[in-house]
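Novice: Need the complex rebuilt from these two chains, each delivered in its own frame; the hints are there to steer you.
Here's the letter readout for the chains.
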Amino acid sequence: MMNERPLTDGKIALLNLNAQIDALEPEVRRGYASVEMRVGLVELISLHGQIVGRIADYERAEEIAEQLVSDAPTDPRTLLARARMHAVFHRFSDALADLDRAERLSLDAETANGERAAIFQALGRYDESLALREQAAQRRESFETLAALVGLHSERGEIEAAERQYEQSCRRYRGVSPIPLALLDFQLGLMWMDEGRLEEARSSFEAAQRRVPAYAQARGHLAEVEAQMGAVDSAISRLYSLAVFSDDPDYAAQLASMLQKAGRDEQYQHWRWQAASRYDQLIARRPEAFADHAAEFWLAAGADPDKAVRLARMNLEVRNTPRARALLAQAIAAKVS
Amino acid sequence: MSDHISGPRAIADPVIDITDVYAFPCPESPQHLVLIMNVFPYAGPSALFSDAVIYRLRVRSVSIAPEGRSFAVAADESIFDFTFSGPQLVQEGRCMLPNGDVVTFRVNEENGASVRGLQVFAGQRSDPFFLDGPMAERTIATRQLAFKEVGSDRLYGKNVLGIALRIEWTTLLKGGPMFAVVGETLSAGKRPVRLERVGRPEIKNITLSAKIFDTVNRDLEIRDIYNEEDAFSLFKHYVGAYRARFNANLAFFDTLDGKVDWPLDEHGNHPLTELLLSDFLVVDVSKPFSETSYFEIELALLEGRAHATCGGRWLNEDLVDTLLTLYVNAGKGPRIRDGVDAPIAWSSKAFPYMAPPNRPGGSQS
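Taken in sequence, the protein lines are chains A and B.
When the letters of the first sequence are read in order and numbered with the working numbering, they come out as residues 4 to 340.
When the letters of the second sequence are read in order and numbered with the working numbering, they come out as residues 118 to 482.
Just chain B, same shape as in the assembly (with noise of 0.2 Å):
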């Protein structure tokens, strides 16, 4: 699952979960660009938002580096914090911008609020990610691509709270018009500490929780750890152990159709490790909106190619078929399908975007 459940924190407290974070040009207004962080896997109806916790979003301007082989960021950051109030009829909430104005909203109102250059909606939403998990984990333990025609999606008719920010890029975030996006969730009080952070779906859970091919650290669940990085700066200590979790796992999916794609280098890293350490989505302004982008930014990078779309990701994204064509034949062979192609609901182009929330068992409201 995209990151639902990703690690023992998570699943210890779901509240802290971020799922799934998206970033795209505003379909209906170039201007302005869509984030979007979804937290709490399998929201049941009474779920509310933590008081306890600050929802993070964070965006810095980034280019292609000088020797066009990475991403350079820039130091200077633009900070969304959304924090929650405690219990009561209707949840407040209150969303600080980069310039410290605070906007505040009511949980759950469907047009949210608004102020200059700014649309923010936070509330239970239908889950928008998709995909065929069981079957993913035994491709995982078979060693053997186990997808089917048609496949089950756990994640069918779920809901999970939601945050969507619609920002006038050009007044609110500093640079771009390419940009980095990271969502984290952060216990507050004076010292925050990162609880949980996610750049790009199906990094900790499809690419790196499986331990099983990783001969540097065999037994480490390595998740939490990561989690607790920033995405900017990785602790030097343990970027060896993230390289060697992505270097192993990579190759365990090159493997499935059984040639080689992604050659490794002479120390053994695989191409995209890098570009991959690198968690944040990118995003380019510039370039229109499209349904089918993530990635593209990444790819043109490695191809030493300018890239030709807006990258960022799509909430209906068909993402696992991406991911899983990009891992197992780097786009050159047929598209591997998870079985799996929908949501019980799409998301719709105007905000809040995500579809309302499905009645208990799972059928839309």
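Looking at chain A on its own, in the form it has when it is part of the complex (with noise of 0.2 Å):
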């Protein structure tokens, strides 16, 4: 990958990651923190659920942001943490109402506009996503703006704009943090891995892993990206840790059905078990946020097809992309069969 200017070491941004929420967090349960440091520590403790796989992680920081929201009700700032923590969830339409409500208590037009650019995106609704995302670049090429453009042309497959605005990020990208450029390779990776150029996915996820070495993520798709070219039992030894230390369903999920494909019977089994219970509690709680995950699961390794398509459509429900209709006429094909 490009851009292979000096880097702070992936291990030392996760260690400061955590100093940064270590250092805030007491302040927020004692109820010291301003509004700035609580939406901070929102983000911060979001963003270490995303690298390190943790939805545990997701939940506390939607936690602070609802209680933020109840103590601060007409500060802007409050509904955009939440809004982002709803669109985390896949609470889409209730993402877009506090942005709309944070819009007309003078959250600026330009930050509003990002937020629901994504949530557009997530919604499969890519034109008005696209329109956002140009608007905000044109307005300022920035790594942000740029790189939020590589993220929507990868889901839509045009692979020469995302290279090319990959590229653009790159050279845009004036930090040291390793965070914000693997969260870019994972990107591509996504797209390269929905070409079927797995290679060039590979490649991206390695990048991604390099920069940040507990990127959780780009490890669960690297080892998927390994198994389909045939190096399953190094995709196998990968997942484990993940599959042991996450609390995220995917990993194990991923786990039975290498495992499953390798003829390990009574491993699939155990890890079957372990992801279709955690699944079946998550989608008990928040069906509109594991849906997809939940119905790709019982569809492979969970051998339900019935439960996959009943939450297939579900996820179609709440996301009408062209991911989401797939997944549901894979699902209805597996079950007539």
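Certain hints may be false.
Incomplete in silico selection of chain A near chain B, CB under 8 Å [what the hints assert, rightly or not]:
#, residue
1, Pro9
2, Asn19
3, Ala22
4, Gln23
5, Ile24
6, Asp25
7, Ile58
8, Arg177
9, Ser180
Keep in mind that the hints were calculated from the coordinates and are not lab data.
C-beta atoms are modelled at their ideal positions from N, C-alpha and C, and glycine is treated no differently.
Specialist: Laid out in structure tokens, this is it:
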């Protein structure tokens, strides 16, 4: 990957992210923190969750955001923080409503539209998202505005545009933190994976993991690519620690699927059970947030197409994206066969 | 907050965010100059210096310019570059001296490392800065002094990553005895890029951050551009923008007591603007250590008299009160207080000066 400028070692970057959270969390718990500090903590914990793959982090961030809105309902920053957490848990209508309220309370349009663009993208409203993203990039060509376009073009399978924006955004990166670049590499990796270009996908996921070794999603997807390329043992060993330590059942589900394919039935059953029980817990609490991944699990290692169809339908109701439509079609086909 | 969280880039990555720079004659041995640079506001216990950043202290000899209204800064410079290792049980640091020699040390080792004429420390310490930040913000928002008798300090009990350098100035620095001091963070590599720079305290936050008074650049977040500048040689195309912001915001502070103590000149320039644009600490090591001498050399310059103190900046000085009083009434009225008069722990007069780190939650360890 390009941009080989010096970056902080990924382990230090994660320790420093922990250090920021550890310094702010006691202040928030004791009620000493300002709105700004609490909003900052929501972002930091959410980022931590994204890196290490921990749902409990997102839930803690959401809890702080809810409390913030309750304590300062007319402060647009609190509504923005909650909107972001609603979006993380796929409550997109609530997120958009919070953004509208925040804007009425003087949140600047640039910030509000940046968040809206992300939500429109998640909802498959790509044209609306693109219009806002391009507007932002035209106003100010920064790493952030161009990186947002990478994610959008990647998801739409617009390879040339995604690669071009990737190069431009990397060129504009002025920081030393490896985390934003790792997130960007990951976006590109997803695109290559969707396109079936496994070598490129592996290279992108490896770059993301090299920058931030603890980046769980990059490691999980790298394992998936490796498995597709035939390196099943390596993929399984990559996934074990993730499946053991993460509270996100995606890794147990992936591991179960690989073990099944490798004919390691006893281990497969163990991890299938782990994933199934965790998905059931999460679906009971937050159906819209986990319907897509749970459907994928029941369609594959979970081996329950009925459940997969039900969840895939639920997911399609939440967001009508090409991926959601394809998932439902797959689930229906599996049920019929 | 002094220079904590001073712009979008610093907010995004605290490991490059310089919170404060201090410069003072060593209280125990006047032949030594002490320089301190702190980074990483709200540092939790696991915070480490970046292995991709150069933490730089720049020192130049400075004198009063012949016309007596500004500083003449020498071209020769003494640079002290600090770099740090990657993650390991104990992080290791290197300090490159102006002559190219390198001193190695272990982070958080109380006595740091010593070589002839120099002692160096880096590690986690209690943040020595104190102020009532929310009331400073409210003062700007309401256009009225909002400070209370007893203020609230959001930095109370917080830690930073500190670098302390004690140098025998006659052997390690060029020129003197008056020096200009700037702290910087730069990305490492073949072509280091400046990420942050700090000279005087509360320039980017209290003084420059408010946009509402600036009729020239009302919507410009000026701090990241300002951070990229060489303090000793501002980019001529941006000086006008900085000057406009200084003039507008300093004029606002002057209105807060209802009278004008700093009349603007015929071009609308505030009398402090040119001095503050020269954004470096000025310390005179021929004068004895003083606890309350911040900006005295600059004021003497403005008043056309010889300075009486070492100037510079000591760790325990109630800087915000000094600054508010300067901006609001030019020292001609009562001292303006922010209601916060001390940090959780005072710094000591012995190396490495700053108090040990606080426990998470904010008590002294």
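Novice: State for each hint whether it applies.
Specialist: Going through the hints against the structure:
no. : hint   : in the structure
1   : Pro9   : holds (4 Å)
2   : Asn19  : holds (6 Å)
3   : Ala22  : holds (3 Å)
4   : Gln23  : holds (6 Å)
5   : Ile24  : holds (7 Å)
6   : Asp25  : holds (3 Å)
7   : Ile58  : violated (22 Å)
8   : Arg177 : holds (7 Å)
9   : Ser180 : holds (4 Å)
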